[in-house]
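6 protein chains.
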Amino acid sequence: MRPSGRAADALRSFSIETGFSRHAEGSALIRMGQTEVLCTASVEGRVPAFMRGKGQGWITAEYGMLPRATHKRGEREAARGKQSARSLEIQRLIGRSLRAGVDRAAMGEIGITVDCDVLNADGGTRCAAITGGWVAMAIALHRLVEGRAIARLPLRGQVAAVSCGLLGAGADTRAVLDLDYAEDSAAAADGNFVLTDAGAIVEIQASAEGEPFAREAFDALLTLARGGIGELCAAQADAVRRATGGAA
Amino acid sequence: MRPSGRAADALRSFSIETGFSRHAEGSALIRMGQTEVLCTASVEGRVPAFMRGKGQGWITAEYGMLPRATHKRGEREAARGKQSARSLEIQRLIGRSLRAGVDRAAMGEIGITVDCDVLNADGGTRCAAITGGWVAMAIALHRLVEGRAIARLPLRGQVAAVSCGLLGAGADTRAVLDLDYAEDSAAAADGNFVLTDAGAIVEIQASAEGEPFAREAFDALLTLARGGIGELCAAQADAVRRATGGAA
Amino acid sequence: MRPSGRAADALRSFSIETGFSRHAEGSALIRMGQTEVLCTASVEGRVPAFMRGKGQGWITAEYGMLPRATHKRGEREAARGKQSARSLEIQRLIGRSLRAGVDRAAMGEIGITVDCDVLNADGGTRCAAITGGWVAMAIALHRLVEGRAIARLPLRGQVAAVSCGLLGAGADTRAVLDLDYAEDSAAAADGNFVLTDAGAIVEIQASAEGEPFAREAFDALLTLARGGIGELCAAQADAVRRATGGAA
Amino acid sequence: MRPSGRAADALRSFSIETGFSRHAEGSALIRMGQTEVLCTASVEGRVPAFMRGKGQGWITAEYGMLPRATHKRGEREAARGKQSARSLEIQRLIGRSLRAGVDRAAMGEIGITVDCDVLNADGGTRCAAITGGWVAMAIALHRLVEGRAIARLPLRGQVAAVSCGLLGAGADTRAVLDLDYAEDSAAAADGNFVLTDAGAIVEIQASAEGEPFAREAFDALLTLARGGIGELCAAQADAVRRATGGAA
Amino acid sequence: MRPSGRAADALRSFSIETGFSRHAEGSALIRMGQTEVLCTASVEGRVPAFMRGKGQGWITAEYGMLPRATHKRGEREAARGKQSARSLEIQRLIGRSLRAGVDRAAMGEIGITVDCDVLNADGGTRCAAITGGWVAMAIALHRLVEGRAIARLPLRGQVAAVSCGLLGAGADTRAVLDLDYAEDSAAAADGNFVLTDAGAIVEIQASAEGEPFAREAFDALLTLARGGIGELCAAQADAVRRATGGAA
Amino acid sequence: MRPSGRAADALRSFSIETGFSRHAEGSALIRMGQTEVLCTASVEGRVPAFMRGKGQGWITAEYGMLPRATHKRGEREAARGKQSARSLEIQRLIGRSLRAGVDRAAMGEIGITVDCDVLNADGGTRCAAITGGWVAMAIALHRLVEGRAIARLPLRGQVAAVSCGLLGAGADTRAVLDLDYAEDSAAAADGNFVLTDAGAIVEIQASAEGEPFAREAFDALLTLARGGIGELCAAQADAVRRATGGAA
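Which chain is which? The protein sequence lines are A, B, C, D, E and F, in order.
So in this note's numbering, the last one in the first sequence is 433, and the numbering has no gaps at all.
So in this note's numbering, the last one in the second sequence is 433, and the numbering has no gaps at all.
So in this note's numbering, the last one in the third sequence is 433, and the numbering has no gaps at all.
So in this note's numbering, the last one in the fourth sequence is 433, and the numbering has no gaps at all.
So in this note's numbering, the last one in the fifth sequence is 433, and the numbering has no gaps at all.
So in this note's numbering, the last one in the sixth sequence is 433, and the numbering has no gaps at all.
Relax, there's no trap hidden among the hints.
Each computed SDA-like pair below joins lysine to any residue, with the alpha-carbon atoms no more than 20 angstroms apart:
hint: 1; chain 1: E; residue 1: Lys257; chain 2: F; residue 2: Ala234
hint: 2; chain 1: B; residue 1: Lys267; chain 2: A; residue 2: Gly266
hint: 3; chain 1: A; residue 1: Lys239; chain 2: D; residue 2: Ser370
hint: 4; chain 1: D; residue 1: Lys239; chain 2: D; residue 2: Ala336
hint: 5; chain 1: A; residue 1: Lys267; chain 2: D; residue 2: Ala270
So these bits of chain D aren't anywhere near chain A, every CB distance computed over 12 angstroms:
hint: 6; residue: Ser198
hint: 7; residue: Glu202
hint: 8; residue: Gln219
hint: 9; residue: Arg237
hint: 10; residue: His256
hint: 11; residue: Arg333
hint: 12; residue: Leu338
hint: 13; residue: Pro339
hint: 14; residue: Arg359
hint: 15; residue: Ala419
hint: 16; residue: Ala420
hint: 17; residue: Gly431
For the record, the hints were derived by calculation from the structure and aren't laboratory data.
A quick note: this is a predicted structure, and the numbers were derived from the prediction, not measured.
Note that CB positions come from ideal geometry on N, CA and C, so glycine has one too.
Using the sequences provided together with the hints, build the complete structure.
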């Protein structure tokens, strides 16, 4: 039995609420168990300087945590004067993942910034940010099509993410899906898997927390992830459909 | 008629929800119309360095806005590398206001940090932060009494805040209560009034946006504020009662 | 009796010396008792980016303290790597106050930066900075008119500032004008009042240091301030007249 | 044929030179083709604050590039005022990887900082840093054993890293080992594989540069990596043996 | 004839006024022509961390310019977020120069910070800061002896500074003493000479602005400097005597 | 006898290797005894903003040390968030020195950045950086002439640097050339001398570490320096000749 009592291949109960943000062109408040991340997509008239003149769009992601999203209050990054290395690493991952789901040439030189702010943290915040961020981005892209700023929806499929990890030790090691904070703290290894709705790989980051682990164990994590991503993609599609009155 | 259609002395519809934050010792999600601020109170084992050895408690406040809480996305302060002068000024105001409501000698050397993060902004965020922050702080203080960390509730009364402003010009100038963003942008002058439930003054900040204004106009703003504060204090007391099963 | 031995409604002895700065378009060294603030107005060819293309001028203020302007040496803000929140808050106040005294449309797209640097501090530095800053700015504007950079003097009246506070406690509480450092440290409440020579309100910031205070006490502070501002405005006018050979 | 003309499973010619740094307790200058990284291990009397009192050692890694290590000069991070998000991400990876190869309980509260500075960059710098950093660290640990600061060599095996990528498109896609800069720029996907000499997984980071890719392609990358790591580990062992007169 | 009309070996008219700063343990407002620098010496209970436990004192210097001390307003260093490289270089020079004049072992572990802030700049600010800074420091040391914090005056002689430069070109090149801003801008080479009252060398910094220059020209600069330093040291001694009622 | 056992006028054994950097337009790895500095010259299409439109070139220098170039590891400047005052001062010296050797009008509006990074430090790093930096710059300028970006080689002579110092005390004081770290730590005074191959002065910085010193001692240092510079300039010329197949 895993600490959460869930089956090895069970996601936490989850939901994706759209429209929480009053002003953003797209927004999604995603809840994965006790983890809550508010994702907003902001359309900007132009792309960053390094992309200008290429006729392509760009997606930038930023990630933050409210100071008391965690068990113990964390220092406010704005007060500390910089984003932590962890935040920077996570927002780079989110940005790469979301860009992989978009046909940037079809966007024209439009920039979208996806902000992912963790309101409550209980493990898996970066994966929730990717899954919710994709919904916010997709809604904003739908709006751009409706407003005729772009000719057709430049989505190449859905992108979602989930973590998996190895619990226990030795012969008792089991691979489990969607770690909460307590499970993550106890895991011998974990990985974040960003996949498309078709099961293709966008990004994998897996690391041993203690002992290095075998290839077979890694394979089990990837297999579990693929199952969880299917469920998440269904919820994404449903959320976008509800928000836009159309299909993702 | 004011832009919002409200009577001159009418607050926006508002609510104070407690418990939104899973981990904080006290939390309040306050909604004033379309403005939403999440306030959390975090109890820390000790006071800041400059207060040590004085046998008194301390309340620190921090204020931030999610980048897309506003009509146009604002730069993330953590990415920019510092809090804006506006944020710093607001969090100093919140801190002073909350400290005024507490008997710090009765707290002992306990520190509380109240984080006020704006999820959606439509005017009046600093006032909402004070009103909601007081609720979060009061709940955390109740918890400290329950846990016998302090002997009795060190509250000296309730502290709440509201803005008022002057709309129109010349003979048509009217003082109105609780400005939303559109009204704030149109106001000839506005003020933020931090008062106790007994109507005493904690802090007043009033400034002319255009022409300097007369003392009589200022008096009208203060009178309106006092009325609004009464309603807000009733809601504060109710929220704390619900969250703690007792009286504020 | 107040600590300084002054009557409740007596300003400290004060003076405004112009021309101390060799290079600035306008300058005023203001002394309020032991407090000395050097104010310089620098005319810049253009307005800040957010004001361009609007046909209006802009006044920016910056405030600093020499490290040993105070009883105990303070860390040099430039060495510390940022201005303190207090400095930022004060310079925003000075800027708003000076802008309120100017007809910005009549200035054209000229920018003026008013630097207020405290050489010696004994309370009331922000008020002295506003009073002296207005003189430096007025002289610079006169020069612009003389040099035909602008057609007419774009001043809408004089702006000056003074602090008032409540000394004593309970029935012995008295409102006094123009607090020095020792009085400020002892005050139960204080306020900074920025008024025009006609007595109109530009900005008010008042706060309880300890117990919240009554509206009547606030009214007494405002009445005192109005009297003091009259004396300061007379000295301002005189200083500008001497520096420019004309009337303010 | 791949751009470099190498066989799909061929590493670049490489070497590991020890002792380049005059002062460091361990050092390795690793060359992977045209990529050169100077790795130094500095023994510090104590562990970082968050690890104190746990009786365990700690390995910290820092990563930098000389400004002209690259084709086009990059801004000096020290002049820019912060390390780039890329540098921070890489040094976190190096640190985790090296810690995975050490029995930290057997180290006692000794800290080692491994600095990896890129002198010349031609792709694969982070992998070279891990492979070379392990050698520098191992030499420093040997010295600690020789100096009787620790009782036995606290190494749990060797840790090395290599990148692999997918070149070409569609049916012509081939997995290749150890990408140089030109290959990396052309790759449809690439991964960094940190493995032990026994082939166990320490960390995997793989991402699609363009189209998401299939699980089978990922498997091919991992298989290639395992082969390359074997060769690198042999060179590591040899370098440490030469530097210490013993076995790794 | 030099631009200022002065003889080649003539200092500008100068003065050293003590006591300008109300709070500092020692202060000197030095005027060298139109250049004015306010120097304050602040006694601190302890030395910097790197000097603790050595039984010696320490002198730290800090240097700044008011934004409008110059012809064109300079950005406020505190607003810019860091001291300029020029300021840092100058304050290091001032600190080394003043420490050279003190018997630090005789001070005990007392720290003195000498702040040199330029109120008006017309060339030679760093030299004026050293000359005036020595006066402020000497007065503060006298006070420490009077207050019996140290047993005897730990001064090893006077330290003063002056600049010299080469004006003209080719056969018309002349060495001149104490450059003002216009002369400094026109000089082919200049040097800052920090000497003791006995003519010994504390520090020399000389550099060619254009063409490298001959050793003979350098010798002429040093000879001029020695003469000017004699006059400055007499004024220093006089200023300290007046301020302390004793001899320097 | 000096600590290094060298004759008073003997340089350390030294070498200048060109081409170490794969990508830079010019590079030199200079070794002065155990001190090693990698100098690269990067040609940039344009000059810094403050030089635009003047038809002249510009040389900028930057200086850094690898964290473990020194006996004790130093904090990484990029991690610390700023360059040290020492680094800034050194890179300003290098830049001034190299610019003095160039006819900037003959360069056109081309910018060259010379990066000097210390790989191993044993005293004299700033002088080595100037001597090596000149070689890197000269090679880059040769390349620009070869590539016809500029019409003729804009060099006005060679520029090199060496340190000299006073060892011993009293009557036993001796002037010695080219201090290593141990000698530098023991020196009563030292100076850095930047001279041309013709012996003209580019820059001199000399300071007393302890007691101020006599003019005669300074003269001895300068005489020694001139001798050492001759040897260094010969090696510079040789290195440039080898790298370019021509004469410096």
